[in-house]
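Same order as they appear, the protein sequences are chains A and B. Residue numbering for the first sequence follows our numbering, starting at 22 and increasing by one per position. Residue numbering for the second sequence follows our numbering, starting at 2 and increasing by one per position.
Hints were generated in silico from the structure; no laboratory data involved. Mixed in with the good hints, there may be bad ones.
Reference listing, derived: stretches of chain B covered by chain A, where coverage requires no fewer than 3 residues with Cβ under 8 Å from a Cβ of chain A [as the list claims (entries may be wrong)]:
(1) 67-73
(2) 82-93
Facing chain A, from chain B, some residues (calculated, C-beta under 8 Å) [as the list claims (entries may be wrong)]:
(3) Val78
(4) Gly104
(5) Cys105
Pairs of lysine to aspartate or glutamate, EDC-like flavour, derived with a Cα cap of 20 Å [claimed, not checked]:
(6) B:Lys72 x A:Glu127
(7) B:Lys87 x A:Glu127
(8) B:Lys91 x A:Asp130
(9) B:Lys72 x A:Glu136
(10) B:Lys91 x A:Asp71
(11) B:Lys79 x A:Asp170
(12) B:Lys87 x A:Glu68
(13) B:Lys101 x A:Glu68
(14) B:Lys72 x A:Asp143
(15) B:Lys72 x A:Asp130
(16) B:Lys72 x A:Glu139
(17) B:Lys91 x A:Asp143
(18) B:Lys87 x A:Asp71
(19) A:Lys120 x A:Asp130
(20) B:Lys87 x A:Glu38
(21) B:Lys87 x A:Glu186
(22) B:Lys79 x A:Asp143
(23) A:Lys128 x B:Glu73
(24) A:Lys120 x A:Asp180
(25) B:Lys101 x A:Asp130
(26) A:Lys42 x A:Asp180
(27) B:Lys79 x A:Asp71
(28) B:Lys79 x A:Asp180
(29) B:Lys101 x B:Glu37
(30) B:Lys79 x A:Asp130
(31) B:Lys79 x A:Glu53
Quick caveat: nothing in here was measured; it's all calculated off a predicted structure. Cβ atoms here follow ideal geometry from the backbone N, Cα and C, with glycine treated the same way.
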Amino acid sequence: MTELLEAFETEQETDREPIHKVSIVVSKGSLEGIYPALIMANGARMEGIDADLFFTFFGLDAIRKDRHAKIKVATVGNPGMHMPTLLGALPGMSWIATKMMGRQMEKLDIPPIGEFLELIHDSGGRMYACHASVEMFGLGMEDFLPQVDGVLTVGEFFDLSAGAEIIFT
Amino acid sequence: MTTIEFVGSEIERDAEGFCVHPEQWNRTIGEGIALESGIAELTPRHWQVVEFMRERYLTTGTAPSVRALGKESGVPVKELYALFPKGPAKLAAKIGGIPKPRGCI
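Between the sequences and the hints, there should be enough to build the whole structure, so can you do that?
Shown next as structure tokens:
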């Protein structure tokens, strides 16, 4: 019985299909919406896994020249803050929470968004803006950081994601 | 985890092939692990990264992240991935005979 179990486990071990590629969709423009996606994309590259990032809706803020450095933690509507909603709505609250988290992240070697995108780009990760959102916000390639590889339609994104695990944040 | 004879030396490696005892390591072992990992020849640039990783691990107890490697090893991030396509920090640690880095960045 034990032998059988061992054989089964060994078989399972060899049957494991490793992940070769991830496509990560970033749809939110808050700090907690953007960072997990960047950490996962960079982490994938660190393991030799291909990684593509697709920024849509407010997620586009992460790659906008004028906004990427102004990304804030949501202090309202975020139960994780453990703070009364009214308190979170006070002016400057989001700024303070963002500053505190930024300091903590720098300690953990997590770079600011602009530098993080550069790191992912240099690591071979690709990043794209969503065509529909770009039109909706009246934006163009000139509004984005130089690391952005292009603007894609949903169809092109799915085509590009052939064989990939798609992750939505 | 077992001690095995590898390129003429006795070393203990974990299930993923990382050396358990950094002091058992030598450059010949590094070359053997590189071959195993698909890197046919270690160039001076490869060694620069591997030695930086190892040195940093032995002095601080933790291996540097890819970000730190890119900033401080003298080899930029793009080149790191060209040298070690399957993950620079992980591979350089393996070749350098130190445990697998556990950082997320």
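Here is what the structure says about each hint:
1. 67-73: It holds, with 4 qualifying residues against the three required.
2. 82-93: holds (count 7)
3. Val78: holds (4 Å)
4. Gly104: Holds - the Cβ of B:Gly104 comes within 8 Å of chain A, reaching about 7 Å at its closest.
5. Cys105: Nearest chain A Cβ about 6 Å off; hint holds.
6. B:Lys72 x A:Glu127: holds (15 Å)
7. B:Lys87 x A:Glu127: violated (26 Å)
8. B:Lys91 x A:Asp130: holds (17 Å)
9. B:Lys72 x A:Glu136: holds (12 Å)
10. B:Lys91 x A:Asp71: With Cα atoms ~16 Å apart, B:Lys91 and A:Asp71 stay inside 20 Å; holds.
11. B:Lys79 x A:Asp170: It holds: about 16 Å lies between the C-alpha atoms, which stays within 20 Å.
12. B:Lys87 x A:Glu68: holds (6 Å)
13. B:Lys101 x A:Glu68: Roughly 11 Å separates the two Cα atoms, so the pair holds.
14. B:Lys72 x A:Asp143: Given that 20 Å is the threshold and the Cα spacing comes to 12 Å, the pair holds.
15. B:Lys72 x A:Asp130: holds (12 Å)
16. B:Lys72 x A:Glu139: holds (13 Å)
17. B:Lys91 x A:Asp143: holds (17 Å)
18. B:Lys87 x A:Asp71: Holds, because 10 Å separates the two Cα atoms, which is no more than 20 Å.
19. A:Lys120 x A:Asp130: holds (15 Å)
20. B:Lys87 x A:Glu38: Given that 20 Å is the threshold and the Cα spacing comes to 16 Å, the pair holds.
21. B:Lys87 x A:Glu186: The hint holds at about 18 Å.
22. B:Lys79 x A:Asp143: Status holds; Cα separation ~5 Å.
23. A:Lys128 x B:Glu73: At roughly 17 Å apart (the allowed maximum being 20 Å), B:Glu73 and A:Lys128 satisfy the hint.
24. A:Lys120 x A:Asp180: violated (39 Å)
25. B:Lys101 x A:Asp130: Holds, at about 18 Å.
26. A:Lys42 x A:Asp180: Roughly 13 Å separates the two Cα atoms, so the pair holds.
27. B:Lys79 x A:Asp71: Holds: B:Lys79 and A:Asp71 sit about 14 Å apart, inside 20 Å.
28. B:Lys79 x A:Asp180: violated (26 Å)
29. B:Lys101 x B:Glu37: Distance ~16 Å between B:Lys101 and B:Glu37 Cα, so the pair holds.
30. B:Lys79 x A:Asp130: Holds, because 19 Å separates the two Cα atoms, which is no more than 20 Å.
31. B:Lys79 x A:Glu53: Outside the cut-off at roughly 27 Å; violated.
Violated hints, listed in ascending order, are 7, 24, 28 and 31; each of the other numbered hints is respected by the structure.
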